[in-house]
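Asks: Residue numbers (our numbering), protein chains in the order written: chain A, 1 to 315; chain B, 1 to 271; chain C, 1 to 469; chain D, 1 to 535.
Keep in mind that the hints were calculated from the coordinates and are not lab data. Be careful, since some hints might not be right.
As the list claims (entries may be wrong) - With a cut-off of at most 30 Å between alpha-carbon atoms, the simulated DSBU-like pairs for lysine-lysine come out as follows:
id, chain 1, residue 1, chain 2, residue 2
1, B, Lys169, D, Lys389
2, A, Lys7, D, Lys101
3, C, Lys307, B, Lys38
4, C, Lys255, C, Lys307
5, C, Lys367, C, Lys305
6, C, Lys150, A, Lys61
7, C, Lys348, B, Lys40
To be verified - Under 10 Å between C-beta atoms, here's a sample of chain D residues computed to sit facing chain B:
id, residue
8, Leu71
9, Arg322
10, Leu325
11, Leu327
12, Pro329
13, Arg354
14, Met356
15, Val358
16, Asp362
17, Phe364
18, Gly365
19, Ser366
20, Pro380
21, Arg430
Claimed, not checked - Restraint-style ranges between C-beta atoms, simulated for each label pair:
id, chain 1, residue 1, chain 2, residue 2, range
22, C, Asn298, A, His179, 56 to 62 Å
23, D, Asp272, B, Leu98, 30 to 36 Å
24, A, Ala25, C, Asn163, 46 to 52 Å
25, A, Glu28, C, Thr77, 40 to 46 Å
26, A, Arg123, B, Pro42, 38 to 44 Å
27, B, Leu262, D, Asp217, 45 to 51 Å
28, A, Glu28, C, Asn148, 48 to 54 Å
29, B, Leu262, A, Leu306, 33 to 39 Å
30, A, Arg123, D, Ala27, 39 to 45 Å
31, D, Glu55, A, Asp301, 34 to 40 Å
32, D, Pro28, A, Ala135, 51 to 57 Å
33, A, Gly128, D, His7, 35 to 41 Å
Even for Gly, the Cβ is constructed at its ideal location relative to N, Cα and C.
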Amino acid sequence: MIRYSLKRLLSLVLSLAIASVVIFAVIEVAPGDPASFMLGVNAQEDTLAALRAELGLDVSKANRYLAWVTGMLSGDFGTSYTYRTPVAEMISDRLWVSLPLALFALALSTLIAFPAGIYAAARRGKAGDMAVMGATQLGVAIPNFWFAMMLVLIFAINLRWFGAGGFAGWDDGLWVGLHSLTLPAIALALPQAAILARVMRSALLDILGEDFMRTARAKGLSRRQALWRHGVRNAMIPVLTIIGLQFSFLLAGSIIIEQVFYLPGLGRLVFQAISSRDLIVVESVVMLLVFAVITVNFLVDLAYALVDPRLRSRT
Amino acid sequence: MSRNLVLGGLLSSLVVLAALMSFVWTPFDYAAIDIPNKLKTPTGEHWLGTDHFGRDMMSMVMVGARTSLAVALVAVGIGMGLGVPLGLTAAARKGSWLDEVIMRGNDLVFAFPSLVIAILITAVFGAGAVNAIIAIGIFNIPVFARITRGAALSLWEREFILAARVAGKSSARISAEHILPNVMNLLIVQGTIQFSLGILAEAGLSYVGLGAQPPTPSWGRMLADAQTMVSFAPHLALIPGFAIILTVLGLNLMGDGLRDWLDPRLRVART
Amino acid sequence: KDDITVAMQLEPPHLDPTSAAAQAIDSVVYSNIFEGLTRFMGDGAIVPGLAESWEISEDGKTYTFKLHDGVTFHDGTTMDGEDVKFSLDRARGEDSANAQKALFAGIADVTVVDPLTVQVTLSEPNGNFLFNLAWGDAVIVAPESIENIKTAPVGTGAFKFSNWVQGDRIDLERNAEYWGAQPALAKATIKFISDPTAAFAAVMAEDVDVFSGFPAPENLPQFDADPRFQVLVGSTEGETILSTNNKQPPFDNVKVRQALAHAIDRQAIIDGAMFGYGTPIGTHFAPHNPAYVDLTGNSAHDPEKAKALLAEAGFPDGFETTLHLPPPSYARRGGEIIAAQLAAVGIKAEITNVEWAQWLETVFRGKNFGLTIVSHTEPMDIGIYARPEYYFQYDNKAFQDLMASLNETTDPAMRTEMLQKAQTVISEDYVNGYLFQLANLGVAKADVQGLWVNAPTAAIDLTGVSWAN
Amino acid sequence: MSLLQIHSLSLSIHAFDVLKGVSLTIAPGEIVAVTGESGSGKSMTALAVMQLLPESTRITGSITLDGVDLLTQSEAQMCAVRGAAVGMIFQEPMTALNPVKTIGDQVMETILIHKALPKDQALARTIEVLDRVGLPTDRFPLSRFPHELSGGQRQRVVIAMAIALRPKLLIADEPTTALDVTTQAQILNLLKGLAKEYGMGLLMITHDLAVVADMADQITVMRHGEVIETGATQRLLRDMQHPYTRMLFEASNHQVTLPTVQDQTPLLTVQDVVRDYRLPRTKLFATPGHHRAVDHVSFTLNQGERLGLVGESGCGKSTLTRAILGLEPVQSGLIQMQGQSVFTGHSPNLAVRRDMQVVFQDPFGSFNPRHRVDRLITEPFHLLDTPPKGQERSDLIAETLLAVGLSASDATKYIHEFSGGQRQRIAIARALIIRPQLILFDEAVSALDVSVRAQILDLLVELCEAYNLTYLFISHDLSVVRTVTDRVLVMKSGQIVEQGETEQVFSNPQHPYTASLIAAAPQLPDLHALQSEHS
Ligand SMILES: Nc1ncnc2c1ncn2[C@@H]1O[C@H](COP(=O)(O)OP(=O)(O)OP(=O)(O)O)[C@@H](O)[C@H]1O
Ligand SMILES: Nc1ncnc2c1ncn2[C@@H]1O[C@H](COP(=O)(O)OP(=O)(O)OP(=O)(O)O)[C@@H](O)[C@H]1O
Ligand SMILES: [Mg+2]
Ligand SMILES: [Mg+2]
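Go ahead and model the full structure; you've got the sequences and the hints to work with.
Replies: Structure follows, in structure tokens:
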């Protein structure tokens, strides 16, 4: 187990190193100069040069890369070109929106998907299964930005149960914050729930075909008991993989949803930073997201071992 | 053949037909702007109404199908074209450094937030259909590489592969002759699924303005254009929205149906 | 009720109006947090700001400003002549990061006569000097608080900066020590909503009280019809033009440019892209300016004539060019319509959507473009046509001389005459395609009063805003 | 009074008749063996008793357990019967246990689900039954997971689960097919003991007639879903009524006579061969361990000789085969074919390879399902410098197919159109088509039904006569090796522990391992002796 973790950790570090090079290289070739973006059309050449020097854009790319990486290692992500505040601070502010949103959406999606998937698997081929599967097909097919539009139209504009967007912050209490994240979380969660329910169902059906399920039935367990006691835990392995993937997706992939609900989250930060050529912010956020994905995968791998004793003893 | 396959096949061929049809005939010129006739609801003349520039929605949806299908198809093609050989190679050299490099590379690509990278790519190289294809295609490579490797690995354990090795065939030759044909079913099924994901991805990119550029219509951009008008001209958003949903639904149903049809294991229900 | 939530589309990168071009900064801070010696009023008039009064010497080169007494910054320090000198010297200095450094180019010297008197000496007389000092880039800042100005601005205005949740909102609160009339509002929140759909939803759901610079003109009729809201339609300083690369063949041929002008149907663009909001223009000048001449007749929509002109210029079958479109919807939507109109006379314009950063690099600095659509929002900026290196690269000696003499003229009647001449010259040279003056669109709750209708400069001046009951 | 009575049970799945009027009775303490070839409906009969049939099954007749007709019971009532009154053991011990639950939990579940005992007593009972099946808790704590046990031990856990509540009836469906002969003998003994001790009725399903003859009180022979013969073991063995039964027993004990060999020049020499598999590292920076699958093996195979290789599962037989074929490099030692090494440098020596071919165990898995027979059997042509083309090629295909008892027209068929036995003939055709000097048979008849196996053995003899074959015959089935080889090697944990003339080794084993192997293998009684004794 320890060896397994160590090996995974090593490849994690290597992946991050490669990722940092790729990210830096891709972002630095983007056309557009942060200084001229900030100073606009009437800026004079000397003003531009002064600003570039101030931003540290006048040194070579290799040096900038080194400065960025060494800075990150010591927890210093640099200073945003446009906002002129420390990137680490900006990211942590945005994380207070994105992370709860991702977790909220993940919780919703899991809460919907688990019962739906188990129900469908238990009634394989029956009307209930067909209904759930039909709904998930639709859930997968609906683009989430379109779904978000419809949610706003119905629940914010017509029914006025929720605000049309924006984030109330956590200062007024957990409930107020969660309330303002509800619509975005639903918009994010439903398509994910559809995917998860499908995975859950097919993983369960695979398990149902296993010999040990027959053994369980032969012991006198009813179909339902066998499903719950022996099926669900075994089906967790593929499901965990998907949950891991979804979490990373929710953290990074909510750009469009954050746009629709004007949430000050990470996704919108990158989007803005890309268009204002705030390169250091883009680099750091992308790096953070890659780091999050790799770490989540690492954790998922460790979680496998919790679920599956066969992996635990593989020293 | 299952109901899924029939329904999915019908929906998909409808979309393909509309796309092909648009090459020879559309009710109107899809790019013809006619401001006085803007925002018309469906009429006898304009079957699906007109958009905010007075363009014929029917023609735009038909040509939009062409864009969506082409982008998604080529992107999946890139994914398959590169991913399958990589997966075959990794499986043939299982455990070697090459396998390790390919698989770690895959993990790395997977680790990147796809939408962010797609936005970056289009920011770097400019918005447009070609760059959208590349952005979507890149993320298809590891999907196919993984699936191919997984399936190929279990095939390599089979005795008929051993028989081919006894016949002195090289691993490249075995991969092409024995492995590839036997993973084809799986690839076809995954292909339809990636295809539908590609259509969604294209819609998403076009929605943020990074897909095919005007005047070439695209469903995602039609949606983006329509979103502020939903409250007074809902058909502008509903029509491309339904086009996307039906296409993706059709492809997914077809994928599901194909899986059941091609995989006899699943056809016989076990207790 | 004495608090208000105002929304605008773009979030300012930081809050220092003297070191960035972003209009969003001015929108938040102008007149609310920072003030200059002079200031714009909502109708475009220039009135005294921190300067109570001024005297101009006979030769027009020396300005003596008398400052208001008892003005303090939000941190409690007093505002005096030293602060004025500091601000102006900082803006024109060697390492200045002022985006409009040219505004201060004519200043030769700034002297503090006594704490409440400042003398500014110009190297040349400048008829626009008081106007220049009204810009957001010329506001008075204090050396004590300059270090953190970008994130914690300290000014003299009626509102104090209180909090900024990046990506979401900025909070302002009433400055109880304000030297002028106390504002009616005790608190103001400025929210940033960039997505047009979200903007519509936010107003409809009454999440915000005012939306300044509403991004989706198509939604305004709905607000207009709704008794809960009022719609404010005014003018801006933004001339929206089809910028043409005058150095790039075939646009170096005036016949081609003229053909372009006649190929365009302005009204269709205003109706299609702006849903009717906007005033057609025939030259680079704001229609609400008294010196404006209506020259739209020079470039009436006439595709046949356009084709004939193209044939004359040697392009009977038209030609291909590029059309770069920056993000605002006037450009993206207008571009699609223009591309279709140009196609009708045989010009095939390939659309490339670009972001501002890319636009600045490729189009503005790189001058690597055929056509582009952009709204020039600086007030009174016809002078850019006298700069041959400016991105559309119009090089006309006569026009440059005309502008040079305009700068030295202070007599209003003569200035008007010269400005009208200038408008005619560029119109008849078809330098660019002149489309329309951008409208200033706002939506507010029905009982909000005192908002600026026009936008002589980018500002959401809250000092005069209040609730009707 | 009978415990279980199945009366004219008929069963169909999707309009396909699987069982036709099956009748069967079991008395308490009695062992009834159901036997018959693959697909004859043995498992379906067992599953029908448990009412664990696939969906859309139609069933008629009656199954009475202790006077209660199970077919009329509701699902809930059946749940109470399963595990409590009837226990069941399946064939595959590797997959019959839930991998994520401890063995203790799984055994105790049987007790708890029927609320038979309170929790503490259930625990005591769990320990007791595990002890009874030979898994004492001091050596096999309840917290073990299935993957920490060997196949035989897992099968014991499954048995413990099935007998935890002392069911009146125990059903065992091929309980030992997946196990080694020695383990098989232990498990069969265990079952026999349990039946006696608890007075359980045991319904034992197996296709192995030697096991049947050894264990059962009653034998039921099935074919195509019908019971064709049933009776007390001794009586049935003595006077088999049905020709099919007779055929079955004869085929199980099929003997062939090999033609004699003349030539004695060495063909294949294996010297001191070692094959190590690298084990995953246990510590990050430790040198990885090795598993020695083949340990200093040496032997010589002469031209025309038929050599056998026997040994338990995992002893290294297949590894040795792959090494001989040059498919994998060996760590040390030399394998030479007529003086030429099979593996040179980093790649197999193709010149040698063309003199060797192989036939594998799995008749279903050894062919690419997408190719036609002609393409399948000509695959070894790849080894030839000038492979035959056109007419020559089709003639050769036809000739080879005929030689293995198929017809020339089979060349255009796909593999799924053939039965298991026919497939194995095709596999032999593939090995034969380039006329190799040596053929390796790796468990080539192990997966076949007895009657088919007999045919393949006959085919081997014919081919020996026609082509003067030299082969290495690898199998764990001693009776088969005994009849088709001249000489035999006995392998244990990678080492050859004994070798010699086949008859010699079998009748007078020198090494204790060989002796235990032979002792553990169930033996069919000499039917002729039995029958003549009676008449
Ligand atoms: N789920 C199913 N659906 C349809 N037919 C089935 C199913 N399971 C088994 N059969 C058929 O029922 C027949 C009897 O099968 P059964 O498993 O009882 O054979 P068996 O005697 O146990 O054979 P083996 O020795 O191979 O286990 C076979 O012809 C088989 O093809
Ligand atoms: N690729 C491999 N890596 C590691 N160990 C292996 C590998 N292949 C086989 N082994 C091990 O080598 C030993 C010998 O395996 P081999 O397959 O030769 O046995 P066998 O005698 O053919 O058994 P069976 O009768 O079950 O086929 C076994 O313990 C097995 O676990
Ligand atoms: Mg069976
Ligand atoms: Mg083997």
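Asks: Hints broken by the structure, by number, lowest first?
Replies: Violated: hints 8, 12, 24, 28.
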